[in-house]
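Based on the hints, put chain B in the right spot on chain A.
Protein chains: 2
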Amino acid sequence: MIGIDWGTSSFRAWRRDAAGVIRARVDDGPGILEVPAGGFAAALDAAIGPWLDVEAGPVLLCGMVGSRQGWVEAPYLPCPAGPAEIAAALTPIPHRGARLLLVPGLRATDAAGLPDVMRGEETKLIGLLAETDAASGLACLPGTHTKWARIGGGRVLGFATQMTGEVRATLLEHSILGRLAAADAPGSDAAFLRGLQRARQAGGLLHHLFGTRALGLTGALPEDETESYLSGLLIGHEVAAVLAEGAPEGPVHLAGAPALCRRYALALDAFGLAHRLHDPDLALHGLALIARRLTA
Amino acid sequence: MIGIDWGTSSFRAWRRDAAGVIRARVDDGPGILEVPAGGFAAALDAAIGPWLDVEAGPVLLCGMVGSRQGWVEAPYLPCPAGPAEIAAALTPIPHRGARLLLVPGLRATDAAGLPDVMRGEETKLIGLLAETDAASGLACLPGTHTKWARIGGGRVLGFATQMTGEVRATLLEHSILGRLAAADAPGSDAAFLRGLQRARQAGGLLHHLFGTRALGLTGALPEDETESYLSGLLIGHEVAAVLAEGAPEGPVHLAGAPALCRRYALALDAFGLAHRLHDPDLALHGLALIARRLTA
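Read top to bottom, the protein sequences are chains A and B. Heads up: the first sequence at position 279 corresponds to 279 in the working numbering, and the numbers run straight through without jumps. Heads up: the second sequence at position 265 corresponds to 265 in the working numbering, and the numbers run straight through without jumps.
So that you can see chain A by itself, here it is in the shape it has in the complex:
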């Protein structure tokens, strides 16, 4: 099989043999924003064309390639969903006789009846589910849009997205807070923990955000600590909001970029929650598990 995780700004592909051994790997293909309209077939051939000549098995694609801005739009599948439901809802893409299949995103509805969506993370969660035998639990996939998913019985039961990463980046780049932040400052655990602590005090996130500026103006927050403090503030508010809806019984399952997972681990520690760190390369694992359902 071939597995492809094709996101907004990244393209990663693997070819595995029947025994599960990785035979080839490409990590530097173009993200979907770099692909011109109508150019997805050519972009795929440029990245892994020769693989398609020798691979008779399925070619599974996940990520934003299945969004409205991608190659073909794959509808969102409702939760709860696991490998079986996802394998039964793949969207085929005709291409050179290869067996291209798009993984659907997932949608969930919260207690108030409002929708949430994910695309790409469902595949990572399928990979994560296989790594835990807990009957139920809470998974956290930190990123631009961090996903908190309730998992159980081998399926994704529901989830909520927190816009933390994008809000952090947008405020640093485009708001008055960025003027007080040193560019490329190394992360500071002490400043991050200070932001986390502030998040647990009264006043609300929008007040705490302005407070970051007030701290800088009064000389109480050095410019090279602003980014870490802001990150602690936002992740602290995020974790507090998640916990307000109920703390998990077991550890929080964390998977994502190591530096960001480290910050979430610090935050979970501060809130008294255990965590378990998973392989950040879950997408390949998830695609293989979905493919296995196809041939079963």
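Source of the hints: derived by calculation from the structure; they are not laboratory data. All C-beta atoms in this analysis are idealised placements derived from N, C-alpha and C, irrespective of residue type, glycine included. Errors might be hidden in some of the hints.
Residues from chain A shown here face chain B by an in silico Cβ test under 10 angstroms; the list is partial [what the hints assert, rightly or not]:
no. : residue
1   : Arg68
2   : Thr144
3   : Leu157
4   : Gly158
5   : Ala160
6   : Thr161
7   : Val167
8   : Gln197
9   : Leu206
10  : Leu209
11  : His237
12  : Val242
The following block gives chain B in isolation, referenced to the frame of chain A:
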């Protein structure tokens, strides 16, 4: 006297005679960001130079002209502060023999010991204080950085800033939320109230922000309602955070741009709080009251 409200992107000046009658007015001078380094004296002369030749009374300036990026930096005065404390802390600026005096900004410290600052709003609050005879109350000056001030005994007792306006503008212009928002859409009270209602549900602001995108993606929020919905979400979280620290006994005193005050009034209504709308032109009134302390 001459009063000048010189902000980041605006310059407004008035000349009043001893009877309090406005004799001249300029509304279109350059904001401090438009003034080149070392160019404040020339900018003032270009805007109101002839007034300085005929005016023997004080020329009071408030706003960001007294910030680090302004003409001269006026230190922040600690709360509580009223007209007397402010009049005693003016910073003179030598200029052509005129009696130029800079109004200081205010600083406050919250229960957790963290700082907050304002510059320009203190003068509006002095004007507002004179319009209410309540022994104590809560004032709200909506804007890019909305100020919530506790007032009492003719002084500003303390305040907290909410970064709501700038967060709203930054997310609309630079985040993924802006892609789902129609430019220049007329405001929608229904969408604003829907955002307000969402703010009172579980999940936290960072989740509700992403939910705005999920609503758009699933067709549940039209593009021309995104801006109003987002505004309701943010102002709802803001008002909820302010009320969490205690509801005021009397009405909330609102002063600012009419369209924005209207939204805050809707939000206060939704939270069951009365409000009283004040003249948005409070700065001139405040400057005159401070000047009166000088000659007294």
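Outcome of the hint check:
no.: 1; hint: Arg68; verdict: holds, 8 angstroms
no.: 2; hint: Thr144; verdict: holds, 9 angstroms
no.: 3; hint: Leu157; verdict: violated, 16 angstroms
no.: 4; hint: Gly158; verdict: violated, 12 angstroms
no.: 5; hint: Ala160; verdict: holds, 5 angstroms
no.: 6; hint: Thr161; verdict: holds, 4 angstroms
no.: 7; hint: Val167; verdict: holds, 6 angstroms
no.: 8; hint: Gln197; verdict: holds, 9 angstroms
no.: 9; hint: Leu206; verdict: holds, 4 angstroms
no.: 10; hint: Leu209; verdict: holds, 4 angstroms
no.: 11; hint: His237; verdict: holds, 6 angstroms
no.: 12; hint: Val242; verdict: holds, 7 angstroms
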